[in-house]
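Q: Residues 801 to 895 in our numbering are what the sequence shown lists, from first letter to last.
Check the hints yourself; a few may be wrong.
If you anchor each label on the Cβ, the simulated ranges turn out as follows [what the hints assert, rightly or not]:
1) F892 / S871: 29 to 35 Å
2) V821 / M864: 16 to 22 Å
3) N842 / F892: 30 to 36 Å
Quick caveat, the hints were computed from the structure, so don't treat them as lab data.
Every residue gets a Cβ at the ideal spot worked out from N, C-alpha and C, and that includes glycine.
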Amino acid sequence: LKSEEFSKAFQSLYFNAFVQVYNFGVVSSVVYGVSRLLLMANILTENLADGMVIGASVPITVNMVLVLTQSANGDEAAAIFNAAFGNMIGVFLSP
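Using the sequences and the hints, build the whole thing.
A: Now the structure itself:
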């Protein structure tokens, strides 16, 4: 990838913000709600329910993002940027 592609991906502020809010906010919230429902229904133990929330809060690896984006013919620069940025801020946002 060329550095110009990364620069263009970095400048897509609304897209990048959407990706990060979706990954850390929406996915984690949905998994939290589902895990609590399954916990109240005595389908899951508390440790497993907590593990589901932690697993959903951890960012995806850069290599997996690249493979999935390439297979879907997506924007590789934006995918790598968001994966790397998500891993950086995931240190502070993940439980």
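Q: To test your reading of the hints: which numbers does this structure violate?
A: Hint check: nothing fails, all pass.
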